[in-house]
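Engineer: Chains as they are written, first to last, in the working numbering: chain A, 1 to 352; chain B, 353 to 655; chain C, 656 to 1071.
Hints are computed from structural coordinates only; laboratory data are not their basis. Every residue gets a Cβ at the ideal spot worked out from N, C-alpha and C, and that includes glycine. Any given hint might turn out to be false.
Stretch by stretch, here's where chain C covers chain B in the computed footprint (C-beta under 8 Å, at least three residues) [claimed, not checked]:
id : stretch
1  : 390–403
2  : 410–423
3  : 434–444
4  : 538–550
5  : 583–596
6  : 615–624
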Amino acid sequence: MIYAYFLIAIAVVIGAQRLPDLRAKRVLFLLLGAALLCAPIFDRNDATFNVLADAGIFVLLALGLNIVVGFAGLLDLGYAAFFAIGAYTYAMMASPQFNLHLPFWLLLFLAAAFAALFGIILGAPTLRLRGDYLAIVTLGFGEIVPQIFQNLTKYTGGPNGIGALDFPSFFGRSFGQGTIPYYYVVLALIALAVFFAYNLRDSRLGRAWMAIREDELAARHMGINTTAVKLAAFALGASFSGLAGVVFAAKLSLVSPDLFQFQVSVLIVSMLVLGGMGNIPGVVVGALVLVLVNNVVLPQANTIAATAGLHVDFGNYHFFIYGAILVAIMLFKPEGLLPSRQRKEELHHAAT
Amino acid sequence: MHEFLAQLINGISLGGIYALIALGYTMVYGIIGLINFAHGDVYTLGSFFALTILTALGVSGELHGVALVVDVAIALIGAALLCGIAGVLIERLAYRRLRNAPRLAPLITAIGVSFILENVMQIWKGPSPVPFPAVVPNPSVMIAGVAVGAQQMLVVGLAVVMMVALQLFIHNTRLGRAMRATAQDRDAAQLMGININKTIMLTFLIGSALAGVAGFVSGVYYQSTWFFNGFGAGLKAFTAAVLGGIGNIGGAMLGGFLIGIIESFATWKFGGQWSNVTVFAILILVLVFRPSGLLGEAVFDRA
Amino acid sequence: MRISAAVAIIALSACSGANNASTAKNTTTTTTTAVTAAPSPAPAGRVVKIGIDLPLSGGDASVGISTEQGALLAIAQMQKSVPRGYTLQGEALDDSVQGVHNPEQGVSNVRSFISDSAVLAVVGPYNSNVARAEIPVTNAAGMAQIGPSVVADNLTIGPDAQQLRRANPSLNTFFRVCTTDSRQGSALAQFARSLGFKHAYIIDDNETYGLDLADRFEKDFTADGGTVLARDHLAKNTQDFKSLLLKVLAAKPDIVFFGGVTSTGGGLIRKQMFSVGLGKTAYMGGDGLADLATVAAAQADGSYYTLAAPDATRLPSAQAFVKAYRAKYNSDIGPYSANAYAAAQVAADAIIRAIGKSGAVPSRAAVVARVASTKLDTPIGPISFDKYGDVTNPVLSLYGFKNGQPYFIRQIQLKL
Chain A
1 MIYAYFLIAI AVVIGAQRLP DLRAKRVLFL LLGAALLCAP IFDRNDATFN
51 VLADAGIFVL LALGLNIVVG FAGLLDLGYA AFFAIGAYTY AMMASPQFNL
101 HLPFWLLLFL AAAFAALFGI ILGAPTLRLR GDYLAIVTLG FGEIVPQIFQ
151 NLTKYTGGPN GIGALDFPSF FGRSFGQGTI PYYYVVLALI ALAVFFAYNL
201 RDSRLGRAWM AIREDELAAR HMGINTTAVK LAAFALGASF SGLAGVVFAA
251 KLSLVSPDLF QFQVSVLIVS MLVLGGMGNI PGVVVGALVL VLVNNVVLPQ
301 ANTIAATAGL HVDFGNYHFF IYGAILVAIM LFKPEGLLPS RQRKEELHHA
351 AT
Chain B
353 MHEFLAQLIN GISLGGIYAL IALGYTMVYG IIGLINFAHG DVYTLGSFFA
403 LTILTALGVS GELHGVALVV DVAIALIGAA LLCGIAGVLI ERLAYRRLRN
453 APRLAPLITA IGVSFILENV MQIWKGPSPV PFPAVVPNPS VMIAGVAVGA
503 QQMLVVGLAV VMMVALQLFI HNTRLGRAMR ATAQDRDAAQ LMGININKTI
553 MLTFLIGSAL AGVAGFVSGV YYQSTWFFNG FGAGLKAFTA AVLGGIGNIG
603 GAMLGGFLIG IIESFATWKF GGQWSNVTVF AILILVLVFR PSGLLGEAVF
653 DRA
Chain C
656 MRISAAVAII ALSACSGANN ASTAKNTTTT TTTAVTAAPS PAPAGRVVKI
706 GIDLPLSGGD ASVGISTEQG ALLAIAQMQK SVPRGYTLQG EALDDSVQGV
756 HNPEQGVSNV RSFISDSAVL AVVGPYNSNV ARAEIPVTNA AGMAQIGPSV
806 VADNLTIGPD AQQLRRANPS LNTFFRVCTT DSRQGSALAQ FARSLGFKHA
856 YIIDDNETYG LDLADRFEKD FTADGGTVLA RDHLAKNTQD FKSLLLKVLA
906 AKPDIVFFGG VTSTGGGLIR KQMFSVGLGK TAYMGGDGLA DLATVAAAQA
956 DGSYYTLAAP DATRLPSAQA FVKAYRAKYN SDIGPYSANA YAAAQVAADA
1006 IIRAIGKSGA VPSRAAVVAR VASTKLDTPI GPISFDKYGD VTNPVLSLYG
1056 FKNGQPYFIR QIQLKL
């Protein structure tokens, strides 16, 4: 059943991309939104909305990283660090850990601001580096942050992490153990994020990012303050990740360092590349496809095979299958499943 | 002082392994600008090949005399050769088609190849760490009161010999010149009649063979191997390549040794749990203050 | 506009499709109950499932797969005791994402077990922090969950554990067949002291199991009059522990205690002790080192570990298990294969007793009640649970290695 949600969402986004008419596109997205909003009325399966909310969190992360990598062209290999900072912000300020019980909604803002702050702290000295070196600096940062959370046992619970986080509440009603409220929060945040991302892309700042991405030197000579502009991309991207971290922590009611390893950063970059960097619908599709593969198809590979009459143990081959999917998609669609028109042109230009 | 020396020697030996892996990273990056994430797994593959060859030769313990030289040579060259072939195959099947694709596309492919290799090795030798025979005897020499084992000397010696050989090859042969030319400007090199495909193939062959050497050496040194080792070692080796100045052969060597020494000292002074944090923190600081790496002037200049 | 209308239809069918699926599921369940009245010999008749949630890919596969196989073997063997007309199935889901065990994926797996009405109990997870995320969910759903290897004290006892049962404070659904960190840590400290060791250097792998075990050992070893020279943690993703061991060498301990499992460094540390000149120093750890010889071979000699059971060589069920495992999977058992076997055995036994004479498909609540009243002989000894879900068995055995083979030394009875 869960496949239906994913496949329909992916189909609608891809379909919309092919429509030339902007108004039809909008209508299509509104309908998708309405369908997603009404889904819990008909289907009350917690497991389904749990996966959908997770998928939504990754869509948020992908949208955020897209600002950094897709718009501004800065390769960030440590994005999970900001996700961790967001999640730990919630865990430390809304749990028995320090007996602080700040409200979820306030912490959404705080964590976003906090993550952005760390983005600036990391970015300020490093953003003047050439792209490849920036990738390594962010990779290092991504390695350091969860390790510090793991080592500072007194404050962060060490490898155990922090558990029993407060349930958020909405006008006095606690979210409790169910998953549907989180699903709605995630939907709302995605709507905001998409709106925000489109506006950013078409703003002065967005055009500056694109100029830098295409030719930094030229952009500087055109009078763009490249460092400030890059820093803005870093901070904004990080703040999306902070938001996602709060929802993630609250939903799981637990944070621990192993949730934010290097592999998570790699996963989010893969979503971007797979979907089509720089293109908002593409990034959403990339996130949905990889969550579907990683969190739904692979864990259940055995069961799926069994229903097809195949009794093979896929447990041992997850990595192989996942790796093969990544390689295959890249070999056949190196520009991603849904590249933006601009990117296509750039590529075309580069090829000639 | 005694402990300082002991830690230093340990760090240098560990660094020798990172350095051998880093050479492959730096060459591939220098030539096609690809962070070859699968390279760490080629290193593990090397230890698996060496283990298989040794088992086939019937070796299960320490060797001496002629048998030592012959069997070690067979395992070492065999592992290097097989890894070289694996590297060439990976390039041919997974990367070549993407040479003109967006820059990040081959990066994702490399991650995919890395997962595939890890899974293949997991099925091949099982998911648990595998013992590796202690082939090379380990008598030690006292240097300033610190015992230095023969295996440690082997690691460092091999790393240095490989680097020197590589330098000579790149600077003194036609093929080496072709590699440098390709790194500087692929299109121009092609116009000058250099066979780009062949040159890139050669780069992968040499880089992967060096990873194979590292795999063999680490098997001998740690007497165990594990399908997942390449992940951590690869990450640090890549860091080493960047630290030394990516694209620079001597830099990769220097970076490898430095990372090994930093890791060793950090464990000693701050405790094991801080060693990775220290390595990466120093890396960030170095790049902030010296963005081109320690030996910025690159042999493979891409700036 | 035509296009948007088409989409509206898709969207609607999505909603109604979801609705159909849930009704379909209900129908299946009703049919099953209907069949109960008139038992039919159809082999596929009524399927009852045990969900298995473990890390099966990436680095964690080194322990996860052998654990999964232990559970699946138990389920296959218990098949013959299942009442006529029922089929018992194991359904394993992987809780690692991109090769790292992931509490979020664990929760997702457990939720999908909960939504499958045929699943009556869950075996797993492997990691304590995955358990911390899952327990509130199984507690809210009233689903029995049996952990093969999670040892952190605060999963069952104390205020943290109560927090995990927030949804259903009076109901305990989480059980474990392994002992707790505090019991094992304090038994290890007593053993170490009774073997005459005075100066310990403690290392842990900085993971939940290892860290907690080492904490407890440190506390009790000191209380018993021993001296802890220093305490250290391992780094992730490294093969080299020599630099750490050089520190250990300088401290001159008579025993090195390791909190962790063989694959997170326990095996390599033992081997590398020999290369820095610590080969003659004793080495000790918990049940995570039971498979030490697979990595260290003869260098395991001089090492000790505990198991939370009477001596396995005296238990015929243990021998039979090891043999059957070898026959089925053509490999030696992993450190937690036997525990997983026992956990799945407990789950299957509870389901069988819950089906009982009535022959009706039992409720999950009935299964939880039967797990709580378990009295069962398993390869890791007799198992029954206290009110927190911990094993009541107070016996821990000490083992050493000789020629790369473990041998039983003696056992200890803890005061609980």
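Engineer: Look at each hint and say if it fits the structure.
Structural biologist: These are the hints, each one checked on the structure:
no., hint, result
1, 390–403, "violated (count 0)"
2, 410–423, "violated (count 0)"
3, 434–444, "violated (count 0)"
4, 538–550, "violated (count 0)"
5, 583–596, "holds (count 5)"
6, 615–624, "holds (count 7)"
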